[in-house]
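Asker: This is what each chain is made of:
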Amino acid sequence: MRYLSKLAAPVAALAASPAFAQAAPTVDKGDTAFMLIATVLVLMMTIPGLALFYGGLVRSKNMLSVLTQVFAIVSITCVIWVTYGYSLTFSDGGSMNSYIGGLSKAFLRGVDYNSIAATFSNGVYIPEYVYICFQMTFACITPALIVGAFAERVKFSSLIFFCAMWVTFVYFPIAHMVWWWGGPDTLAAGATALAAAGTDQVAIDAANAMIFANGKIFNWGALDFAGGTVVHINAGIAGLVGCLVIGKRIGHGKEAMPPHSLVMTMIGASLLWVGWFGFNAGSNLESNGITALAMINTFVATAGAAVAWLFIEWLLKGKPSLLGMVTGAVAGLVAVTPASGFAGPMGAMVLGAVASVVCFFFCSTVKNRFGYDDSLDVFGVHCVGGIIGALATGILVNTALGGAGIPDYLSQPGTLQVAPYVFSVAFMAQVKAVLFTLLWSGVGSFILFKLADLIFGLRPTPDVEREGLDLAEHGERAYAL
Amino acid sequence: MKLIIAVIKPFKLEEVREALTAIGVQGLMVSEVKGYGRQAGHTEIYRGAEYVVNFVPKVKLELVVPDNQVAKIMETLTNTARTGKIGDGKIFVLDVEQAVRVRTGEAGEEAL
Numbered sequence: 001m002r003y004l005s006k007l008a009a010p011v012a013a014l015a016a017s018p019a020f021a022q023a024a025p026t027v028d029k030g031d032t033a034f035m036l037i038a039t040v041l042v043l044m045m046t047i048p049g050l051a052l053f054y055g056g057l058v059r060s061k062n063m064l065s066v067l068t069q070v071f072a073i074v075s076i077t078c079v080i081w082v083t084y085g086y087s088l089t090f091s092d093g094g095s096m097n098s099y100i101g102g103l104s105k106a107f108l109r110g111v112d113y114n115s116i117a118a119t120f121s122n123g124v125y126i127p128e129y130v131y132i133c134f135q136m137t138f139a140c141i142t143p144a145l146i147v148g149a150f151a152e153r154v155k156f157s158s159l160i161f162f163c164a165m166w167v168t169f170v171y172f173p174i175a176h177m178v179w180w181w182g183g184p185d186t187l188a189a190g191a192t193a194l195a196a197a198g199t200d201q202v203a204i205d206a207a208n209a210m211i212f213a214n215g216k217i218f219n220w221g222a223l224d225f226a227g228g229t230v231v232h233i234n235a236g237i238a239g240l241v242g243c244l245v246i247g248k249r250i251g252h253g254k255e256a257m258p259p260h261s262l263v264m265t266m267i268g269a270s271l272l273w274v275g276w277f278g279f280n281a282g283s284n285l286e287s288n289g290i291t292a293l294a295m296i297n298t299f300v301a302t303a304g305a306a307v308a309w310l311f312i313e314w315l316l317k318g319k320p321s322l323l324g325m326v327t328g329a330v331a332g333l334v335a336v337t338p339a340s341g342f343a344g345p346m347g348a349m350v351l352g353a354v355a356s357v358v359c360f361f362f363c364s365t366v367k368n369r370f371g372y373d374d375s376l377d378v379f380g381v382h383c384v385g386g387i388i389g390a391l392a393t394g395i396l397v398n399t400a401l402g403g404a405g406i407p408d409y410l411s412q413p414g415t416l417q418v419a420p421y422v423f424s425v426a427f428m429a430q431v432k433a434v435l436f437t438l439l440w441s442g443v444g445s446f447i448l449f450k451l452a453d454l455i456f457g458l459r460p461t462p463d464v465e466r467e468g469l470d471l472a473e474h475g476e477r478a479y480a481l
Numbered sequence: 482m483k484l485i486i487a488v489i490k491p492f493k494l495e496e497v498r499e500a501l502t503a504i505g506v507q508g509l510m511v512s513e514v515k516g517y518g519r520q521a522g523h524t525e526i527y528r529g530a531e532y533v534v535n536f537v538p539k540v541k542l543e544l545v546v547p548d549n550q551v552a553k554i555m556e557t558l559t560n561t562a563r564t565g566k567i568g569d570g571k572i573f574v575l576d577v578e579q580a581v582r583v584r585t586g587e588a589g590e591e592a593l
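Line by line, the protein sequences give chains Z and H.
Using our numbering, read the first sequence as starting at 1 and increasing by one per residue.
Using our numbering, read the second sequence as starting at 482 and increasing by one per residue.
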């Protein structure tokens, strides 16, 4: 979500820069209006978008269980978010600041309708309430993505417990590490102070502290415009761990388990695409040229990915399928997420197509080879697509490839410059961010699944699973015909 | 009286109904059924997962008709439901002991 400054900018360059004068913070009505709309678009991605996308893919006896899980996760995460989630993610964490925020904004303490939150332009702010809501929708969709990996075979109580724990110990820290920073004006003030510090070591340390008071992964220089690591890799690997811990569905590989309504799945995928404009373009927090870049990338990467899956499946499996095409579209959306405000449109289109082909391979070949039952391909689409997107962002950001360039707030404080692109630096930062997220979420999710299993039991009884979770767990059925 | 049970391909239903009406059949019952014969099932692919669908959707017709119409109806059914490809279906003929029209109480062939 964040523009990454080139933090390693040489001090010599700073010394020569003109003094930075703090502009008076302004709240732009256009930016605010745009962000209000982007926020509800992201909510629409999850409910009903994701819920229908997933719901259509399960058997009719489990339709309501998926819809209930997604809706419940969204609602519970909203409650957690305003209670302590926002504070843990987007406030200074003191000595733990590299990993997690603090509790100074728990229960939204100190926030009112006059509070403002930084964007990516010096002196430009949005109301903090809008920022809280926008980020809340991201916290809501991420755990909801996970349920697809073990759909049709998880106990509701256990899942709710897991998701509440997961956002607390996995999502909030990762989001903090990737996205928490002081904002452009803090960096500008820090850079100005550094330039003025001369040889005074105390002043230099104070200025550096101001510049580096960000999340750990942010300080590595990793780029994640709208949540490739935070949302998709994070949820994707948790899904894989979950489907391995919970085990296969009864009858997996022996009984037919075709999707009960690809019509619903197509509606869901389409709502995801539309909502994703709020997700990606909204991640710019302002309404400007970069927002438009994120928008066109979200169009062309998705289209490129849908076309790629359509044709490769037609070629290799004999028939062009609707499910394949919409899955490809989602893979493209996932892949372009971290790159949406950094890559150029042509780069994004190629990225979508490449991600689609690799995800196709994972969903059709790798999954069958290893025999894990990732029911709705959360790992194959979100984790794999997310990794490709995150790594490609480090390449496509290059202005030589049509990218927007790596943002630099330090060399000329108070303005946004493009830092020189060095492949090894940019790419390695992405690799580190990907590996760290895989490890943090993989290990954290494993522990939390085991804990949920211990307390509630993750799996319903075989009878319940055979009867279907709708009637057995929720006492209602999706279709009374 | 005979009961004719015909299991045919679903998309042939309308054509068969028209042909039967044309030769004077006054009523029939239709139900959607699943099953398999020599055609066996077919394969469906959802992303990576391939499923053999063993039970193929068919339409079942049931007609109770006077003995003297049976041959003509059998011929019409066979000719219109046939595509020449595997899975065209089967026709069975059973004896019917009695028929009653509920509204009037008429019995036997009068009730048909």
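The set of hints was computed from the structure by calculation and includes no laboratory data.
Don't take each hint at face value.
Ranges of calculated distance between the beta carbons of each label pair, as one might list FRET restraints [to be verified]:
| no. | chain 1 | residue 1 | chain 2 | residue 2 | range |
| --- | --- | --- | --- | --- | --- |
| 1 | H | V534 | Z | P420 | 54 to 60 Å |
| 2 | H | T524 | Z | R369 | 44 to 50 Å |
| 3 | Z | N368 | H | P538 | 25 to 31 Å |
A virtual CB, placed ideally from N, CA and C, is assigned to each residue, including glycine.
Asker: Going through the earlier hints one by one, which of them does the structure break, listed in rising order?
Answerer: Violated: hint 2 alone.
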